[in-house]
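2 protein chains.
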Amino acid sequence: MPVSMYKISVPVFIRALNVLAGLLDKAEAHAAEKKVPLDDLFNARLAPDMLPLSGQIQRVSDTSKNAIGRLTGVPAPSFPDEEKNFAELRERIAKTIAYLETVKPSDLEKSEDREVTISFGKLKFTFTGVDYLLKFALPNFFFHVTTTYDILRNRGVAVGKVDYLGTYN
Amino acid sequence: MPVSMYKISVPVFIRALNVLAGLLDKAEAHAAEKKVPLDDLFNARLAPDMLPLSGQIQRVSDTSKNAIGRLTGVPAPSFPDEEKNFAELRERIAKTIAYLETVKPSDLEKSEDREVTISFGKLKFTFTGVDYLLKFALPNFFFHVTTTYDILRNRGVAVGKVDYLGTYN
Chain A
64 MPVSMYKISV
74 PVFIRALNVL
84 AGLLDKAEAH
94 AAEKKVPLDD
104 LFNARLAPDM
114 LPLSGQIQRV
124 SDTSKNAIGR
134 LTGVPAPSFP
144 DEEKNFAELR
154 ERIAKTIAYL
164 ETVKPSDLEK
174 SEDREVTISF
184 GKLKFTFTGV
194 DYLLKFALPN
204 FFFHVTTTYD
214 ILRNRGVAVG
224 KVDYLGTYN
Chain B
64 MPVSMYKISV
74 PVFIRALNVL
84 AGLLDKAEAH
94 AAEKKVPLDD
104 LFNARLAPDM
114 LPLSGQIQRV
124 SDTSKNAIGR
134 LTGVPAPSFP
144 DEEKNFAELR
154 ERIAKTIAYL
164 ETVKPSDLEK
174 SEDREVTISF
184 GKLKFTFTGV
194 DYLLKFALPN
204 FFFHVTTTYD
214 ILRNRGVAVG
224 KVDYLGTYN
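The listed protein sequences correspond, in order, to chains A and B.
Counting along the first sequence from 1, when you hit position 126 you're at 189 in our numbering, and nothing is skipped either side.
Counting along the second sequence from 1, when you hit position 146 you're at 209 in our numbering, and nothing is skipped either side.
Calculated directly from the structure, the hints in this document are not laboratory data.
Treat the hints with care, since some could be wrong.
A few chain B residues that face chain A, going by a derived Cβ cut-off under 10 angstroms, partial list only [as the list claims (entries may be wrong)]:
(1) Ile71
(2) Arg78
(3) Asn129
(4) Pro202
(5) Tyr212
Derived SDA-like pairs: lysine to any residue, alpha-carbon spacing no greater than 20 angstroms straight-line [to be verified]:
(6) B:Lys173 <-> A:Lys224
(7) A:Lys224 <-> B:Asp194
(8) A:Lys185 <-> B:Asp194
All residues carry an ideal CB built from backbone N, CA and C; glycine is no exception.
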């Protein structure tokens, strides 16, 4: 039996959002242990013109919830990028998961053929739902999860691959 | 119509491997323009105990081809990690794409239910094929593609999000 659009999206997003919350725990523990201001990690980035940790997490939130909004045809809630500390980033992650948990497999039925148009800078692309999910939304989503992890590694936070992949039961 | 295991894996991998080859082009152009030794980029890493650029690309190759080997039940070719320069990394990418292009949609039929066991350090996990692909193989694959990009950004190479996402026709 082939795989549903729901299975390729909602649980994949929720899993990685939980991973992200775990990475924030490790970052906070690191800051406490090494007496590093937490703001240094909140604002850390890999290049001057890349988003900092906080921005990466905001984009993980947006890339997941907006993908589902586009695929279901019912816009996802809008969360302004106003987080100022780790507690608020956690809240953003929790709100994103809470929204994703309201989405039912039936909401995504037939979304593989739904037309999705994306504006990207000056560019505009039109996809089928499944192409949008596989060629744009998932790569973009994992980009921001991985870059969050990479920023923490670059700052010496003791996270490892298992913290990125998450647990398997 | 739900989505086939083939569609969620082989073309997704090939697309990102082509992205990776494009990133190497940009890295080489940067090194030539800034008169930076190419080896500096080949060996660049985000943390002392993370893999360098070359290792990230070897893992992109392995995570894609071995995922398909596990899902089809026919082991993928083994490519030793012996690349010493950009030309050899390109060859590794090309060999990986060439292997993936031999895989037919029918080779992955029913792979969603195939049992896949992964050893990860001291840990061992058993998945259904679809859970293996969505919870392990794809996140791990995108991890290494993104980290390649992040290493180049961290070293000042002028790549942007479009170079990571690739083109859409």
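Hint by hint, here is what the structure shows:
no. : hint                  : verdict
1   : Ile71                 : 6 angstroms, holds
2   : Arg78                 : 6 angstroms, holds
3   : Asn129                : 15 angstroms, violated
4   : Pro202                : 6 angstroms, holds
5   : Tyr212                : 8 angstroms, holds
6   : B:Lys173 <-> A:Lys224 : 29 angstroms, violated
7   : A:Lys224 <-> B:Asp194 : 18 angstroms, holds
8   : A:Lys185 <-> B:Asp194 : 37 angstroms, violated
Checked against the numbered hints above, the structure violates hints 3, 6 and 8; every other hint is satisfied.
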